[in-house]
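> If you read the sequences in order, they're chains A and B. For the first sequence, our numbering assigns the number 1 to the initial residue and increments by one for each residue that follows. For the second sequence, our numbering assigns the number 1 to the initial residue and increments by one for each residue that follows.
None of these hints come from the bench; they were simulated from the model. Careful, some of the hints might be misleading.
Stated by the list, open to error - Selected chain A positions facing chain B (in silico; Cβ < 7 Å):
#, residue
1, 300
2, 343
3, 459
Unchecked claim - Each computed DMTMM-like pair below joins lysine to aspartate or glutamate, with the alpha-carbon atoms no more than 20 Å apart:
#, chain 1, residue 1, chain 2, residue 2
4, A, 179, A, 114
5, B, 34, A, 22
6, B, 24, A, 157
To be verified - In silico negatives: residues of chain B with every beta carbon more than 10 Å from chain A:
#, residue
7, 18
8, 59
9, 138
10, 160
11, 161
The model shown is predicted, which means the values in this text are computed figures rather than measured ones. Just so you know, even glycine gets a beta-carbon here, dropped at the ideal spot from N, CA and C.
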Amino acid sequence: MNRHDLYKAIGEADDELLERSERKKRGRGHRKPWWAAVTAAVLVIAIAAGVIVKTGVGMEHASAEVIAEAVYPEMAPYPERDGFGFEGEEDRSAYRAWREDVRAQQMQESGYTDGLESFFSAGIRQFLSENEGENKVFSPINVYLELGMLAELTDGESRQQILELIGTDSVEALRTQAKAVWNAQYRNDGVTTSILANSLWLDEKIPVVSSALETLADNYYASSYQGRMGSRRFNRMLQDWLNEQTGGLLEKQVRETTLNEQTILALISTIYYKAQWGEKFDEENTLSDTFHALSGDITCDFMHGYGVETYYGAERFEAVSWKMDNDSGNMWFLLPQEGVTVENLLQDAETMDFLLNGGDPEKRKEVILNLSVPKFDITYETELSEGLQELGVTDIFDSSVADFSPLTGQADGICVSQANHNVRVAIDEKGVSAAAYTEIVMLGGGAADPEEIEMNLNRPFLFAITSHDGLPLFVGCVYEP
Amino acid sequence: MHDKRIVELYWARDAEAIVQSGRKYGAYCFSVAKNILDNHEDAEECVNDTWLDAWNAMPPHRPNVLRMFFVKITRRICLDRWRRRTAQKRGSGEVPAVLEELADCIADESDVEEELIAKELAECIRAFLRTLPARECDIFLRRYFFTEPIAEISAGYGITNNHTAVILSRTRNKLKTYLAGEGYFNE
């Protein structure tokens, strides 16, 4: 072997590594505190905003109106209960009503998540692989819906590029899928809130094709508003909408969110996800300990919990679940094996298979888990335009080729000028008393005693918050809790 | 034009494939060819040869990432061209420095090259790259795949030339250990 052989062999490097190496590191992104402290056990909020700009549009008077409004499904509240179950006919009947409503949302046509893996996997790699060492969170489902709406509003190659990225053949198929995905994730029962809220903000001078907005309202549950961009009244309307979608918890921060007068159209999506742990962490057991961060050891608060959970043993990582209360999903913690980094995991096929499809059932087992996890509260703000262009969605960012004719009936000079993705995830000890009925369901009658294992998340790890159907609502990396 | 459509044109034996490839990826492949050959005309010729090689490769190939498929061909053609040209002592480019650095990773150079060994070596390098932290791997590929000058890499990552050189040197040492572990030579 000589140096030429080596140079030649490097020429066979994996395409994905080569593509990644082209994305020049642009330095650590700044962290911006978006939201006030909250008290939920798990609170996750993502706001993605795609802003479409056309310059030279004049403004005259300030008016603002709702031109298409989404109607969310009604859901019976999760009944309050004392102790371990529902006693008395009234309680049981309230529980049945809640259960029926949840089932109605969850029972979507089989295969409704087919085809999403490829976009989710590309998106997770694209948007979490930058800036090693920085805490990051990405919501694949939030960006999927945002792209879906953009596909509805575009035509020609602009639309085709989006459809190819999100892995669907036609806008009709996308519409059906997006509606099923939206409904399957929806939960608003007083205990768990999981709402994928979408909206369009249109400048008053833009002629719009109302059928396009109706399609968005019916299938993407997106409300559309039209008014004078940059006006106080229109910004106030936007802020009211954001407050409503986020339960009013972020009122102070939402006040900083405004649209300027150059904007022609803004697509704003939020995910507000709030759930309580199935098995709470006792605050008395929260202790300071060492976390081995990339930059050196740091001290932080570790929560300690104990419960029957799922363990997954893979070649390059171990993963454990921590269930949410009232059947609202799971939080998964993925700890890389010694010598493997979080970045390695993001490029690892088995990790992706586990995150998106649950991995190999043979590698799963029920265990008694002693979990030690640092409390964290991370905010990540990123701009998606460049990453989306690297994933092949280019035309919507270029005013000379972007085709927004389905929205406006004309396609001149309109393009997406920015696509922000802001996510915050916070976990703490809070939760309800032991949810015995779910544990019983999980264990099953006569099951063998599960093995007892310990998991100490004291070095950088990956996490995912998955819904009941296993779809990743959020995936993130914690480098420094 | 979308990549999928370009690949379809190759499969349909439509010469428009070459026009579209040149339009979309000509400049991209040229930038890599220029790094390797440091000569405008030679680099241009190699890029033109790239489309012909691609024409012969598709079908049966159906590349997943067309851009990388093309640039790998360009790089291979450029290296051959560089080797022929060096025999005639023409030009320089980044290649001599890059090869000199790569010689650090090999304990005992020999000129025996077999097809099978080349294939195994490529697989070994791929596996090695997957073990690297993202930034080290990215910088390694900028230097030894894309053959970029160190100053350009440093500017891209916002670090000093010295820092880049140190990262590259550490990664080469890792590669040397890795190759020794795989039995390519005794350290």
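> Please go over all the hints and tell whether each is borne out by the structure.
Hint check results:
no.: 1; hint: 300; in the structure: 23 Å, violated
no.: 2; hint: 343; in the structure: 4 Å, holds
no.: 3; hint: 459; in the structure: 14 Å, violated
no.: 4; hint: A:179 <-> A:114; in the structure: 14 Å, holds
no.: 5; hint: B:34 <-> A:22; in the structure: 17 Å, holds
no.: 6; hint: B:24 <-> A:157; in the structure: 15 Å, holds
no.: 7; hint: 18; in the structure: 21 Å, holds
no.: 8; hint: 59; in the structure: 19 Å, holds
no.: 9; hint: 138; in the structure: 4 Å, violated
no.: 10; hint: 160; in the structure: 14 Å, holds
no.: 11; hint: 161; in the structure: 15 Å, holds
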